[in-house]
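As given, the protein sequences belong to chains E and V, one line each in that order. Just so we're aligned, residue 142 is where the first sequence starts under the working numbering, counting upward by one. Just so we're aligned, residue 3 is where the second sequence starts under the working numbering, counting upward by one.
Hints listed in this document are in silico derivations from the structure and should not be mistaken for laboratory results. Accuracy of the hints is not assured; some may be wrong.
[To be verified] Reference listing, derived: stretches of chain V covered by chain E, where coverage requires no fewer than 3 residues with Cβ under 8 Å from a Cβ of chain E:
1) 58–67
2) 72–83
[Unchecked claim] Calculated cross-link-like contacts (lysine-lysine; reagent style DSS-like; alpha-carbon spacing at most 27 Å):
3) V:Lys144 with E:Lys179
4) E:Lys179 with V:Lys135
5) V:Lys137 with E:Lys179
Glycine included, C-beta positions come from ideal geometry on N, C-alpha and C.
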Amino acid sequence: MSAIAERAPAPAAPPASRRRPGVGAIYRWELRKLRAQKRTFLGFGMAVIVPIIFIVALELQKGGPNDVPFGRYVRETGLAIPPVLLIFGSIWLFPLIVALVAGDIVANEDGNGTLKTILTRSVDRHQVFVAKTLAAITYALAALLLFAGVGLLLGGVRYGLHPLTSLSGTRIETGRALELMAAALGAYLLPVIAVAAIALLLSTVTRNSAAAIVGALMISLLMQLVGIISGLAAIKPYLLSTQFDAWQGLLREPADWAPVVRAAWVCALYAAPAFLAGLAVFVRRDVAGG
Amino acid sequence: MSEAAGHPIEARGLVKRYGHVTAVDHVDLTVEAGCVYGYLGPNGAGKTTSLRMLLGLIRPDEGVARLFGRDPLQEGAAALDGVAGFVEAPRFYPYLTGRRNLELMAALDGGDAGDRIDGALETVDLADRQTDKVKGYSHGMKQRLGIAAALLRAPRLLLLDEPTTGLDPAGMRDMRQLVRRLADEGMTVLLSSHLMGEVEELCDRVAIVRSGRVIYEGALDALLKSTGQRYRLRTTDDERAFAICRAQPGVQEVLGAGDGLTFAADQERAVADLSVALVEAGVAITALVPAAASLEELFFRLTEGDGLPAQNGDRPAPAPEGAAAASREASR
Ligand SMILES: Nc1ncnc2c1ncn2[C@@H]1O[C@H](COP(=O)(O)OP(=O)(O)OP(=O)(O)O)[C@@H](O)[C@H]1O
Ligand SMILES: [Mg+2]
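Work the whole structure out from these sequences, hints included.
Written as structure tokens, this is what we have:
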């Protein structure tokens, strides 16, 4: 490096009012950052490998998950595979997959010391936080589509896409079943977003990825524990863990929207305060260190 | 508040406390356009903390900071229009390449920042390493990438926190040349440093901070004049030279210094007269050189001079270890 000074560009006179980038620009870069990180693919990897293991297990043994909804039909139609995966995934797999990225997305920048780097550009802190939230949700949605998609693909290839028996015992034609599956994934996304918001809050407050991931997972597991305690049955409908089953209402005939509607507002009651608290902390906090 | 109305930097009564430590203690700072301003102080003086408050990264407990008349705490990113820089070592995404990092910065800058990437990489001589991940960059390369990232904003005000720290001599020289050149092109620069020589070389004005307080603010040459220039003298007969120096008008604070001696003189004339007096007395001079005032010496004189609490107020008085460390950090 020699005499670098000679090539310095002249500082141009800045425009009177600089057009500042919006949330969209930050969001696109948040996605690019996720694509460049190993942990993103660790999450996607889990979302792919679990359906594969599930199908292999079905092939290797005679029994099936007969005690869960749709469990009896897993060898009859590939359409029954994703619902069963969703039920198993709600225990800890999906909270983990979501927390893995949502719990890291702020804390990682603390660890790298890059918060000061992006917060001295032309973007406001609230924009950065909103973009990070959207990126975490996008990742969660992608993981969910992979999870259900791989299950459906492998199940369809192995067992065929025959009509599905609904939870009311009626027969749902393949096309209709696929539509309902898409709607079910949408309902499943609600508690997933709530878990993401909680993980984001922990990520912002603890500034430590591991603490945020473990914390979010613990909260999910605690809710399930509370749900099992019989004396607390009254609050069960309002636990986050319960909302992971709301989509099942859509696979009845006629469709039972009540659990889905409840999931929408219950999840909002978890997600909105967590999001707002995370936002408030992120906007006000000191960015030192790094 | 229009942009034209505000100075590039205007801070009033900035205070930042961490527990019982007052990192920044009622700092006032005004940096005028076109100035290269030195913010000089030893480790832990509060330089980085001050710069963080200026950039809106941390909240002052008291006081306000304005850049071109805009408060980053109130106006957010808008207050940083035309401002760039970094505190402590610049940080980047280790898993992205140098160029990708700059592309990200440019996207967050908006405007035509993206068009300046190639030029900025050329300027800091990183063009041939731009496709390597930052993970593999040396400290000096990251420091240069930090400058490149700042240049993307085509700033009118550049805040640099000890930019030459950790660079090799050639890197330091290049960094200083770059700062000089940017300043010559009209950029206002705030440069924090603990190196007296660096500040002397680059800056027009200085604020000297110590334990969070500004103990001197003003033009650098005025400071050096007011404190008197020191000289180092070596002769064939130091004992007689010592006596001659003591007797010489305009020569003060004569001290024996191992080999040779040192003294202070406000006027160059006095030094010239002294050399003649020495030679006339038959004492041959082997060396007579101006000794750059070290930061340590400056603090000593400043805190002695204006009735502030003694400089070792927060340092145990008999602390050979601390004193040695202090003189190490002050020496270049
Ligand atoms: N986040 C923090 N938490 C606690 N104390 C802090 C924090 N940041 C700074 N300090 C304290 O504030 C004081 C000033 O620190 P600062 O980093 O501003 O000094 P500096 O002048 O930049 O020093 P250096 O030359 O070593 O970079 C120090 O005593 C430091 O310990
Ligand atoms: Mg510092």
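How the hints compare with the structure:
Counting residues of the region 58–67 of chain V whose CB falls under 8 Å from any CB of chain E gives 4; the rule of at least 3 is met. Chain E is given as covering the region 72–83 of chain V, and this holds because 5 residues of the stretch bring a CB closer than 8 Å to a CB of that chain, at least three being needed. About 23 Å separates the Cα atoms of V:Lys144 and E:Lys179, which keeps this hinted pair within 27 Å; it holds. Distance hint between E:Lys179 and V:Lys135 is fulfilled; the C-alpha atoms sit about 14 Å from each other, no more than 27 Å.
For the proposed pair V:Lys137 and E:Lys179, the alpha carbon gap of about 14 Å is at most 27 Å, so the pair holds.
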